[in-house]
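Q: What follows is the residue order along each chain.
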Amino acid sequence: MAPIIPVLELRDVEKSFGPIDVLHEISLKVHEGEVLCLLGDNGAGKSTLIKILAGVHKPTSGTILMDGKPVEFDRPRDAADRGIATLHQFGGTFPLMSIGRSFFVGVEPQKKWGPFTVFDRKKANEIAVKAVRDFGITRIDDGDRLVGGLSGGERQSIAIARAVYFGARVLILDEPTAALGVKQAAHVLRIVNETKQRGLAVIFITHQVMHALAVGDHFAVLIRGAVAADFRKGDKTREEITDLMAGGESMADLEAELEGYAQNQEERPPSLGHT
Amino acid sequence: MSTTTKDKRSAARMLGRLVRRAETGSFLGMVVVYIFFAALGGRVFLGAPGFSSWLNTAAEVGIVALAVGLLIIAGELDLSVGSVIPASSLTVAIVSSHYGAPEIIGILAGLVVGLMVGFVNGFLVTRTSIPSLIVTIGTMFGVMGLTLGFTVLIAGSTGVFIVPDPVTKALLGQFVGGMFQVTMFWWAAFIVIVFYLLHVSPYGNWIYALGGDRESARNAGIPTRKLTIGLFMLSGFAAAFVGVGQVLTYQSAQVLTGQAFIFNSIMCVVIGGVLLTGGAGSVIGIVLGTLTFSIVNQGIFFSGLDPNIGSVIIGALLLIAVLSNDSFRKTALSFAAKKAP
Ligand SMILES: Nc1ncnc2c1ncn2[C@@H]1O[C@H](COP(=O)(O)OP(=O)(O)O)[C@@H](O)[C@H]1O
Ligand SMILES: [Mg+2]
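Chains as they are written, first to last, in my numbering: chain W, 762 to 1036; chain Y, 15 to 355.
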């Protein structure tokens, strides 16, 4: 079973930007070897929440705890040093850099050449390629290839492999599957699972319920900055979750509305396809 | 047996890589331009006078282009170099000639002017959200005004003369063999240092990351502010160094020189395959771009063509370079993707 002390915990975290309150009384826990799915519609505050965990923003009030002890992050580096690796929704990769170079941005392997410090390109490439292949992505075999030449799923996978390689304990993924096709998304979901099996705590942000159900152990739904529901795998059906995310407005109602709309359309030719 | 196929594969891969490199295009461009002017300029252009004239031009603009190139790779621009050059020239002349201080003091003062302007540029760019294009236009005019004001105030004219002593002259302002400026050797030294910075040392990775995505670079723990300020200081230093070389070579410093360096340095960099939007480029490319630019810039005088045609050629080269840099980026990015089954 999961250990009793969560790796990462939020207690009553609030965040406002000037007069705008974005997050209210957020309390969440995530344990080792567990995937916490953070669901919510666009604008619910998911990205803001993970930016707090990543040290990009400071909470207006509330506490962040790691291994049960309060921590404060003044800058992204502080969070990274404690083993929180964040893959932000936009950006995060360097398309014009090689796989080996981008893998080691900020922590370049070095060797000495007389009095000179040299970036060890060979070592960087070898480690990067091996780390990615360990996650089952065997199509990548050349560390000199440009990151921008890879598929979206492969890029996400490299970023995850990188975090794991550098000893992350908590992996935060902000909508990693949002821009991907079905196959690519499946690819990333598989890697999320693999990461969890290696004992990391994963916070997986998405607004696609199917993706969440495929990997999640624990779910939290965020609505207008507050945790509207917090439940475990198997507690709720897909429909229930979808309804929750829609902000209480039942999906069934929405469907009925759509049907009504479609019927209306049928009465007024030309209708599309409904014959 | 399997090793030979593997060898073949990696050989093909290397060839593919070579063809896809932006520098390959820059090199071909340089060869074409050289042959063109060799055909028109004949013996004189191919001989020492021709060589020295474009190498001298290349050395001066090349030192600035290397530093400006690093900045462009890091996603920034620096237009202030155009007024740092005369500012440092005049500082040397005023300190050492007008006030009669030892030349080494004047030279150091000139270099410090460049470092200071670079620091101000970097500071403003990192502390405000104003793009570096605007910031450095501002400092360019600011420095120009200050240079003019102080020169007139102190020396009573817009130009100051200096007779350098033989040692400084030999080191920084000599014509070797009556034709080749000693600046050439300094350019070579700059090439080695900047090559080391960008391609060998770990800092190169930081510069590419900075130009690729500033936010991500910062999140990865790179001290982006310090790095940006450092790069602006390097370009200020490089411009000041050229200013020092100029005043010792020509023995006079004028307020309104150096403006040509602004666009010439950027053109060398872009013709050399550096992406104007940052994130990609190489020292070899910048050097090739500088040579190409200088061959056209000087070759025109040997060719008997209207000098204005030189400007047209440079403009055309620039457009070709920008287009091919862009398509280089596209193919470099799509090539690998196409490999997918
Ligand atoms: N820096 C900021 N300043 C002001 N408002 C912000 C800032 N960042 C986010 N917000 C606001 O917070 C809300 C939540 O945004 P975000 O966290 O990006 O949502 P999500 O990722 O769930 O789509 C939005 O209304 C957004 O406009
Ligand atoms: Mg978001």
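Hints are computed from structural coordinates only; laboratory data are not their basis. The reader is advised that the hints may include incorrect statements.
To give an idea of the interface, some chain Y residues facing chain W are shown, with a C-beta separation under 8 Å as derived from the structure [said to hold, decoys possible]: (1) Gly56; (2) Gly152; (3) Asp179; (4) Tyr222; (5) Ala223; (6) Ala294.
Taking lysine-lysine pairs in the DSS-like style, the calculated list, with each CA pair at most 27 Å apart, reads [claimed, not checked]: (7) Y/Lys240 - W/Lys944; (8) Y/Lys240 - W/Lys873; (9) W/Lys957 - W/Lys997.
Fair warning: this is a prediction, and the values are worked out from it, not measured in the lab. Every residue, glycine too, gets a C-beta built ideally from N, C-alpha and C.
Q: So, against the hints stated earlier in the document, which numbers end up violated here?
A: Violated hints: 1, 2, 3, 7; rest satisfied.
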